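Visitor: Sequential numbering from 31 applies to the sequence shown in this note's numbering.
Treat the hints with care, as some may be off.
[To be verified] Listed below are the simulated BS3-like cross-link pairs for lysine-lysine, each with C-alpha atoms no more than 30 Å apart in a straight line:
| no. | residue 1 | residue 2 |
| --- | --- | --- |
| 1 | Lys-303 | Lys-285 |
| 2 | Lys-396 | Lys-338 |
| 3 | Lys-338 | Lys-277 |
| 4 | Lys-651 | Lys-669 |
| 5 | Lys-223 | Lys-285 |
| 6 | Lys-263 | Lys-277 |
| 7 | Lys-223 | Lys-303 |
| 8 | Lys-351 | Lys-137 |
| 9 | Lys-50 | Lys-669 |
| 10 | Lys-351 | Lys-338 |
| 11 | Lys-406 | Lys-396 |
| 12 | Lys-406 | Lys-626 |
| 13 | Lys-223 | Lys-137 |
| 14 | Lys-396 | Lys-351 |
| 15 | Lys-406 | Lys-338 |
| 16 | Lys-285 | Lys-338 |
| 17 | Lys-626 | Lys-338 |
| 18 | Lys-626 | Lys-396 |
| 19 | Lys-277 | Lys-303 |
| 20 | Lys-285 | Lys-137 |
| 21 | Lys-137 | Lys-263 |
| 22 | Lys-137 | Lys-338 |
These are calculated hints, taken from the structure and not from any lab test.
It should be emphasised that the depicted structure is a prediction, and the values quoted were computed from it without experimental measurement.
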Amino acid sequence: MAISSPGIGSGLDVNGIVSKLMALEQRPLTALAREEASYQAKISAYGSLNSSLAQFQSSMQTLASPAKFQALTTTVADSSILSASPGASAVPGTYAVEVQTLAQQQKVNSAGFANTTDVVGTGTITIQYGTYNSGANTFTLNSAKSAQPVTIDAAHNTLAGIRDAINAASIAVSATIVNDGSASGNRLVLTSKDSGAANSLKITVADADLTNTDMAGLSQLAYDPTLVAGSGKNLTQSLAAQDATLKVDGLAITKPSNTITDAIAGLTLNLTKASATGVPTTLTVARDTSSVQAAIGAFVNAYNSVNKTIADLTTYNLQTKQAAVLTGDGSAIRIQSGIRAMLGRSITALTGNLQTLSDIGVSFQKDGSLTLDTVKLQTAINNNFGDMAKLFAAMGTPSDSQVAYSSATANTQPGAYGVSVTQLATQGTLAGALAAGLTLTAGTNDVLALTIDGVAASVTLASTAPYASAAALAAEVQSKINGATAFSSAGISVSVTAAAGILTIASNRYGSASSVAIAAGAAHDNLLGASAALASAAAFDVAGSINGAIATGSGQFLTGAIANAAEGLKVQITGGATGARGTVAYSQGYASQLAKLAGQYLDTTNGAIASRTTGLNASIKNISSRRDALNLRLADIEKRYRAQFTALDVMMSSMSQTSTFLTQQLANLPKIR
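Assemble the whole structure, with the sequences as input and the hints as a guide.
Guide: Written as structure tokens, this is what we have:
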């Protein structure tokens, strides 16, 4: 009978022998596991490097803002009177500021109602803004503010409903209800959201109930300050619109708001209280050297952080004789070398006295980290404050005051590029042929059907017989056009001017998409004259070249041509003449370049880290395939070993049996004497 259990027949330890032989055969599996663990460790290390580089890139993007290196501080001797904040164009200086009056918003209120649920009426309330001259009893429309209609339907015909409808309309007026404590003490209070004399209110009403008298229905809310109280002037003014008045270094200034951005170039003033008569306070603007030092310190720290991460992952420790995970790894070393090389170069196309990091006290140490000499930095700040931003940020500096740098792309190369203009951008403009008729009659010549910049709408002008002047009519036309929802929601607006009684309507947009057209009819003929064109002539985009190549024009903007060094450089031509318009010097500072470089390394498709990680993952996948093949081979080897040693066991058992038999037979042979 065959022996089925290994080693039973002869006592041979087949399992032990096969196990020891297979342990030797499996050594390649152990080597594959070590190799796989090494790849996994490198992937983890690259994950750490990716995270560190992402933080570095974020820091560089923040430091690439010019504002980080142009900061100013302001102090006010009496901070209860005003505060000030500097902008990019502010300059250091000292100013004597006397605040005489604060700007305020107009408030008007209705007659009292017993309940907030009392029905007032339905129709349309149209709110306009302008300046009321009490001496001449005239109201001049504010051409910068559009008319704002509010529809009052049956669901909002109560005092509270009208309040809610006005607030929901998101216009430049807010509505509240104030109760004065009397039997009919609920009053609708309307407040202009914008302060200043030019934001006084004029409220006209189209009452849906035409049988109502002036002091009934929705007409109770009409307010024309030039009319008699109770006859179109049905609200009561509780606070007059008022401008802010102040003196800066003795110069008288009037502004509509207590927040003033254009009194002192580059400064925003926030007025809070009137000064004592004739007693100015001192406003001081100074360079914020501490914030510049902090920004440059942050730059040094951001680099040192990513440099340490790379060093920790790549350095061989001579004392412990231990290699780091990425020691000798070419990709990691190239990333480190690329960043260091960029820091060691000067900035191309940079103008001014600062060209390199060493000029501001930033230098390399023996271990590859950066150090900052604060004394040298302070000297550079004191002597070249205006050049600090250029050393770190991406900036374009035009030599022509009517050429403004807008933006650049990743393809824009540093350099000084000449700008030439062959065609200035124009606006779609429709001019009258005759002096405008100042009398508008409801239902006859008060409705304009217009198309502005390709968008159509109709507006209804206030019928007045007659308007005081063509300028007053122009303000009404501009107010109503700019207040039309179809236009305002599309960001479309116009300017309407009057000269010698003739109106001109101009789209505020520049370029080939700009146009003005008015449909034929009585309104067109009355405003512009029957012989006037119905549509403006074609408007043009700016045209010209940048760096000698034809640029793309869109509105007032020129953009550098593809495949040119100035590709993507975008400038705005705001005026001036055709011909050569100077140069735009474009430079990319250290922070800007490093942010871009880090972005290239971090690119998830072609970046150095992504490529290396992809390669490592491919190697791990290959190891998996090799392991699977090796396991199949080892299974075959073990099967062969077991078959061989089992056969040996059987053979040895058989030989043992034969030996025993022969021994017995020999023992039974007769003995020879």
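Visitor: Are the Cα positions of Lys-351 and Lys-338 separated by 30 Å at most?
Guide: holds, 19 Å
Visitor: Hint check: Lys-338 vs Lys-277, CA-CA at most 30 Å. Holds or violated?
Guide: With a Cα-Cα distance of about 56 Å, the restraint between Lys-338 and Lys-277 is violated, given a limit of 30 Å.
Visitor: With a cut-off of 30 Å on the C-alpha distance, tell me whether Lys-303 and Lys-285 pass.
Guide: Holds - the C-alpha atoms of Lys-285 and Lys-303 are around 15 Å apart, at most 30 Å.
Visitor: Do the alpha carbons of Lys-223 and Lys-137 lie within 30 Å of each other, as the hint requires?
Guide: holds, 10 Å
Visitor: Can the restraint linking Lys-406 and Lys-338 be considered satisfied, given a maximum Cα separation of 30 Å?
Guide: Status holds; Cα separation ~25 Å.
Visitor: Can the restraint linking Lys-285 and Lys-137 be considered satisfied, given a maximum Cα separation of 30 Å?
Guide: holds, 19 Å
Visitor: Mind checking the alpha carbons of Lys-626 and Lys-338 for me, to see if they're no more than 30 Å apart?
Guide: Measuring from Cα to Cα gives roughly 20 Å; hence the hint holds.
Visitor: Checking one constraint from the list: CA of Lys-223 to CA of Lys-303, max 30 Å. Satisfied?
Guide: Distance of about 19 Å is within 30 Å: holds.
Visitor: Please work out if Lys-626 and Lys-396 have their alpha carbons no farther apart than 30 Å.
Guide: holds, 26 Å
Visitor: Taken at face value, is the distance from the CA of Lys-669 to the CA of Lys-651 at most 30 Å?
Guide: holds, 27 Å
Visitor: Holds or violated: Lys-285 and Lys-338, Cα atoms, limit 30 Å.
Guide: violated, 55 Å
Visitor: Does the alpha-carbon distance linking Lys-396 and Lys-338 stay inside the 30 Å limit?
Guide: With Cα atoms ~13 Å apart, Lys-396 and Lys-338 stay inside 30 Å; holds.
Hint violations for this structure: numbers 3, 6, 8, 16, 22, all remaining hints satisfied.
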